[in-house]
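Note that the protein sequences, when read in sequence, are chains Z and P.
According to our numbering, the first sequence is numbered sequentially starting from 1.
According to our numbering, the second sequence is numbered sequentially starting from 1001.
These are computed hints drawn from the structure, not numbers from a lab.
Treat the hints with care, since some could be wrong.
What the hints assert, rightly or not - Under the rule of at most 25 Å between Cα atoms (straight-line distance), these lysine-lysine pairs were calculated in the DSS-like manner:
#1 Lys57/Z <-> Lys1053/P
#2 Lys87/Z <-> Lys100/Z
#3 Lys1053/P <-> Lys116/Z
Stated by the list, open to error - Reference listing, derived: stretches of chain P covered by chain Z, where coverage requires no fewer than 3 residues with Cβ under 8 Å from a Cβ of chain Z:
#4 1010-1024
#5 1128-1140
Note that this is a predicted model, so its numbers are computed, not measured.
A virtual CB, placed ideally from N, CA and C, is assigned to each residue, including glycine.
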Amino acid sequence: MKSGVNESLSLFTCFQMLHLTAGRVGSLLARRATAAFSTSSARMASHDVAETTDMSKPLYWDRVDIPLPDRPYKDTLTTGDQSLKKKEQGPWSQLSKEEKVALYRLMFSQTFPEIKQRSAEWKSVLGGIFILIGFTGLIVWWQKAYVYPPAPRTFDADWQAKQYKRMLDMRVNPIEGFAAKWDYEKGQWK
Amino acid sequence: MAHPSQLGFQDAASPLMEELLHFHDHALMIVILISTMVLYIIVAMVTAQLTDKLVLDSQEIEVIWTVLPAIILILIALPSLRILYLMDEINDPHLTIKALGHQWYWSYEYTDYQDLGFDSYMIPTQDLTPGQFRLLEADHRMVIPVESPIRVLISAEDVLHSWAVPSLGVKVDAVPGRLNQATFIVSRPGVFYGQCSEICGANHSFMPVVVEAVPLDHFENWSSLMIEDA
């Protein structure tokens, strides 16, 4: 008898849990769907992920796209700097222009225009390119003067002229090419 | 033949070459468009003053730049395959000629009706008459009737050669012990030059191919004369 009551009780709690589970399953499926599209590695872990602690030292940088670095530029302050920092705590209208600039230089190494300033490197690069092209030209001239044999007689102006005449007579490339550019009626180039 | 400093193709002298020219225009246009777009994007990225720090990935653009190139490739492949199969169509040639590569000349045999065979050697530079083309002229040209389907059976007697005539859109390897077939129709009369296109020894650059397309009656006269001379 006792076992029977236990059975009916457990059955009843089962139904209850089933009712609750249905709702939970729904939200669980929804979370799984979003997790499937997410690329976060923490979500993909099927166990607890250890907490990550950033143990790196704070860096300083001058960058336009991440303008505020981890630490100020001047870490160690002289006594003069420290008193200036104390003055910074008060109303800024009491700071002179030089003091404001000094405070900026304590916090940052370069201003935005200084970061974006372009160098004169392009002059050396272009100059180097022209020098090398000139040197190559020198080598090419020297080859022509001292290395190559004389050109075949077919390169004489007279021979070339006869060749062109023969190409026109033969109607070489008459559609869009060579002979197409010659006006046969007028006897001249179009 | 090409004129000095010519960069592009020669004008087509056969329907197949015309198809190849149009396909080249199509493919090159696609290449130029893609290259221009890529160059523009590179310049835009390099000269951009602002940085978006939060862009990690994007599924939409990944899909686009995967599917779009696939489509472009299909648009290139379809005309290409069309021409490939066009080359192999049955065209019932009127004339069959055998072109045999030797070191270092071509020989042509017209054996359909009678036995006609001759060698075609390059005319050396010192033997040219003024106005002739250096390294392209041959003593005997392969003469064929214009506007007739021609079959050329290409082989070699010693080493590999290749029988090529760019304006007809023909380049076929000459392999010793093997017959390769090329078919073409020459659309207009004229003289069409090509050069051996497979390295074959010391004078590989000095064995040109010269095809002369003439009206049928001229061809008949020529073949009669050649047989008499032989």
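Do the hints match the structure? See the list:
no.: 1; hint: Lys57/Z <-> Lys1053/P; result: 22 Å, holds
no.: 2; hint: Lys87/Z <-> Lys100/Z; result: 11 Å, holds
no.: 3; hint: Lys1053/P <-> Lys116/Z; result: 18 Å, holds
no.: 4; hint: 1010-1024; result: holds (count 3)
no.: 5; hint: 1128-1140; result: holds (count 6)
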